[in-house]
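J.: Position chain D against the provided structure of chain E, taking the given hints into account.
Just so you know, the protein sequences line up as chains E and D, in that order.
Residue numbers in the first sequence follow my numbering, run continuously in steps of one, and reach 422 at the last position.
Residue numbers in the second sequence follow my numbering, run continuously in steps of one, and reach 422 at the last position.
Among the hints, a few may not be true.
Pairs involving identical chains hold if they fit within one copy or between any two copies, as the list cannot separate such chains.
[As the list claims (entries may be wrong)] As a list, the in silico SDA-like pairs of lysine to any residue whose alpha-carbon atoms are at most 25 Å apart:
hint: 1; residue 1: Lys233; residue 2: Thr263
hint: 2; residue 1: Lys269; residue 2: Asp409
hint: 3; residue 1: Lys396; residue 2: Asn18
hint: 4; residue 1: Lys352; residue 2: Asp365
hint: 5; residue 1: Lys246; residue 2: Glu395
hint: 6; residue 1: Lys324; residue 2: Met1
hint: 7; residue 1: Lys246; residue 2: Tyr105
hint: 8; residue 1: Lys323; residue 2: Met1
hint: 9; residue 1: Lys323; residue 2: Asn23
hint: 10; residue 1: Lys48; residue 2: Gly272
hint: 11; residue 1: Lys265; residue 2: Asn164
hint: 12; residue 1: Lys358; residue 2: Ala211
hint: 13; residue 1: Lys233; residue 2: Gln375
hint: 14; residue 1: Lys92; residue 2: Tyr366
hint: 15; residue 1: Lys262; residue 2: Asn164
hint: 16; residue 1: Lys336; residue 2: Glu219
hint: 17; residue 1: Lys233; residue 2: Asn52
hint: 18; residue 1: Lys403; residue 2: Gln375
hint: 19; residue 1: Lys269; residue 2: Thr160
hint: 20; residue 1: Lys33; residue 2: Lys323
Since the hints were made in silico from the structure, they are not lab data.
Number of protein chains: 2
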Amino acid sequence: MIKVGIIGVGTVGASVANILEENCDLITARAGKEIKVVKGVVSNLSKKRDVNIPLSSDVNDVLDDPEIDIVVELMGGVEKPYSVVKTALANKKAVVTANKALLAYHRYDLQEIAGDIPIGYEASVAGGIPIINALKVGLSANQITDIKGIMNGTCNYMLTKMMNEGVDYAEILQEAQDLGYAEADPTFDVGGFDAAHKLLILASIAYGIDAKPEDILIEGIENINQDDISFAKEFGYAIKLLAIAKKIDTDISLRVHPVLIKTEKMIAKIDGVMNGVSVIGDKVGETLYYGPGAGGDATASAVISDIIEIVRAGQSSPMLGFKKPFNSENLKLASKESINSEYYLRMQVDDKPGVLAKIAMILGDYDISIDTFLQRPAAQNSVATLLCATHNCLEKNIQNAIKTIEDLDIIKTNVTMIRIEG
Amino acid sequence: MIKVGIIGVGTVGASVANILEENCDLITARAGKEIKVVKGVVSNLSKKRDVNIPLSSDVNDVLDDPEIDIVVELMGGVEKPYSVVKTALANKKAVVTANKALLAYHRYDLQEIAGDIPIGYEASVAGGIPIINALKVGLSANQITDIKGIMNGTCNYMLTKMMNEGVDYAEILQEAQDLGYAEADPTFDVGGFDAAHKLLILASIAYGIDAKPEDILIEGIENINQDDISFAKEFGYAIKLLAIAKKIDTDISLRVHPVLIKTEKMIAKIDGVMNGVSVIGDKVGETLYYGPGAGGDATASAVISDIIEIVRAGQSSPMLGFKKPFNSENLKLASKESINSEYYLRMQVDDKPGVLAKIAMILGDYDISIDTFLQRPAAQNSVATLLCATHNCLEKNIQNAIKTIEDLDIIKTNVTMIRIEG
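So here's chain E without its partners, still in its complex pose (with noise of 0.2 Å):
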């Protein structure tokens, strides 16, 4: 018999216990063994929990116990459950995370310091769909050219109801909050950084590359508003905040920005809480892997999927996906400049002669010219709403154009920028 020990025994944690009780005769079968959990640590004993495993307040009853072979880290945070995991491979304990937090600032760290001992991460991006072992074992023959992730599921609800039920931003915020989609402090979904992590793990089993938060662009969906949807249906997009890697040529371009991008897209039907992720490989062309990204049963399923396949064989593959270190192509990370992309502007002005003509001679200035156009009548106070889509041009000349309109003292508010993902 396995012995599992979970540390942090909320939601994931109690359904990881109650699925391996429940389905244990199907997953003995599986994995050749028992797999049991025996001991649960939680920070409140006092919270009455729906799980029949003993219960204890103190990590190192998990960490410490010689019986115990596998841990399950599902603690949320990063230094805290960090320093848990190291303990728990000193200890010669397989460990199993669902925390992309700590794996976006201590997955390469974890895997040196790990070594032989299996670390599982399934959990960790996408809940419940196997895109981890997607990408680690089934595409593993592939130059991985793209991926393009909905891999944070609030902001997938809020962006889908914009779009079918013309809710605004705001309304659709509190209905997630109401819902428990979203957290009282929403920033972490919305402003894009929750499927930041996520694209980091993705990333470094994909290209190697290491890369933190702090190196990547990362916006998020709160300037989107009904002006920018009705351009969306109007010319046949989705507004989508994605997570993006692309390879050109050595550089690695790493981004999570919401956009437009055309409904026919596999990626763009993908619409609710519900998670997606299409990856383009060299010679497989592109596969897309769509599923539940979050909710206790799905992110359980994964999380024991990790330790069945820790049962049968100890870890495979390597924990990031390499056996030894790639360098022959000199991989890096691109600029934040360096995008070349299509892009939506939306902007107020003032609804007088020759506005127009201003911002038309700046993007030109830029080198940046028009694909779509679309001005709404002006509502009230004089103030038009100027809706336009370029061609493709450089990150650089948009943001310094997007500067540059700023300043005209006939703008009257700031420029919302939106790329288009071609």
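T.: Same frame as chain E, but now just chain D:
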């Protein structure tokens, strides 16, 4: 260095050899060792092939070569590759195969013969999509309740074209043949047999259930016409050839047939030659896997992923996903008659009074109630087309009702029935 021999160097075999060469540095880093194809076997040595490997026409040049670690079987057929794979295993060589027909008939024999010697077969189902690995590893915590697969690109291409362009079956079949998507004898694809082979492989991993193609319901797309397509469009359905596995209590229903399925379902959105597999697990809910189901490089991507996994760690999970027999639920194959579904019927009838009443009465006699009814105006010869969709009923009842209706002298052609997937 790991040495590979390929038996059958056609499109896929050539891609395997070439990708291992082209992505050599990357694959070596991921696998931990260099992997090299050292020999290929072909039936016709005089045919020019686009590979840089020594070729032979004798399988024993690979099977008996003590230097070769892994044999890749890409011959096609059933009994000949079965014998080749058995010899490879007897010679302690790991095997990777893309041969779904071989596995549809001999997967349990091979698992037993192989013992601890790895057999990889990711490429046998849905080409480049790592669905085998997802089921064996990613979803291993779950009771699988449903699998719905679009796993034949030829059929999906044809049905998509019929839907989007109003093309007739015969015309689109000819086009698919001209494009090389369909064989001169297209029965294996359009008759559903190819999808059935793949379904049986997935069902073994999901349920541990042994079944052969002749044990299950297999219907093709040959009878679908533009009347069906227009009915589907009018009521919000797509028409897809689905390979279906459903677990209802201890009954496992395995079947391949066309379905009407609501266009908002993710699986209904998979168009053209692409493949997709939706899997519902009791804990994770629905996950879906999308990608290219055929093509030299896409299939080779899956073949090489198996090779890399074998090089990394041998076979980490057991061939068919179960380390021990799983009998605790006494799962058994459901009878073909036990299906419970909604049904769509198309029939051509004399356009005269009382006809509709007769048909409605027969359906009522078999306890079948009608959900939707559409009668198109008679075009010529006073023959009218009746289209109807039923509420849920037993397969036995609809089959008997169809027989009774077909015996009426007012019926001009056989009744076409398509199941509606809820």
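J.: If the cut is 25 Å between Cα atoms, do Lys92 and Tyr366 qualify within a copy, between copies, both or neither?
T.: neither (58 Å within a copy, 65 Å between copies)
J.: How do Lys323 and Met1 come out at 25 Å by Cα distance, when the copy is not named: within, between, both, or neither?
T.: Between copies, since 14 Å is at most 25 Å while 29 Å is not.
J.: Between the shortest in-copy and the shortest cross-copy C-alpha distance, which are at most 25 Å for Lys233 and Gln375: within, between, both, or neither?
T.: within (15 Å within a copy, 36 Å between copies)
J.: Checking Lys358 and Ala211: alpha-carbon separation at most 25 Å within a copy, between copies, both or neither?
T.: So Lys358 and Ala211 fail the 25 Å test inside a copy (40 Å) and across (72 Å) alike.
J.: Between copies, within a copy, both or neither: which fits Lys324 and Met1 at Cα up to 25 Å?
T.: between (33 Å within a copy, 14 Å between copies)
J.: From the Cα coordinates, with 25 Å as the cut-off, is the pair Lys352 and Asp365 best called within, between, both, or neither?
T.: within (22 Å within a copy, 74 Å between copies)
J.: Reference check for the pair Lys403 and Gln375, CA-CA at most 25 Å: within, between, both, or neither?
T.: within (21 Å within a copy, 63 Å between copies)
J.: With 25 Å as the alpha-carbon cut-off, assign the pair Lys33 and Lys323 to within, between, both or neither.
T.: between (27 Å within a copy, 8 Å between copies)
J.: 25 Å Cα cut-off: does Lys323 pair with Asn23 within a copy, between copies, both or neither?
T.: Answer is between: at 15 Å across copies they meet the 25 Å cutoff, but 33 Å inside does not.
J.: Treating 25 Å as the Cα threshold, decide for Lys246 and Glu395: within, between, both or neither.
T.: Result: close within a single copy only, 15 Å intra versus 50 Å inter.
J.: Go through the copies and call it for Lys246 and Tyr105: within, between, both or neither, with a Cα cutoff of 25 Å.
T.: within (21 Å within a copy, 42 Å between copies)
J.: How do Lys396 and Asn18 come out at 25 Å by Cα distance, when the copy is not named: within, between, both, or neither?
T.: For Lys396 and Asn18, neither the intra-copy (52 Å) nor the inter-copy (39 Å) Cα distance is at most 25 Å.
The structure shown violates the earlier hints numbered 2, 3, 10, 12, 14, 17.
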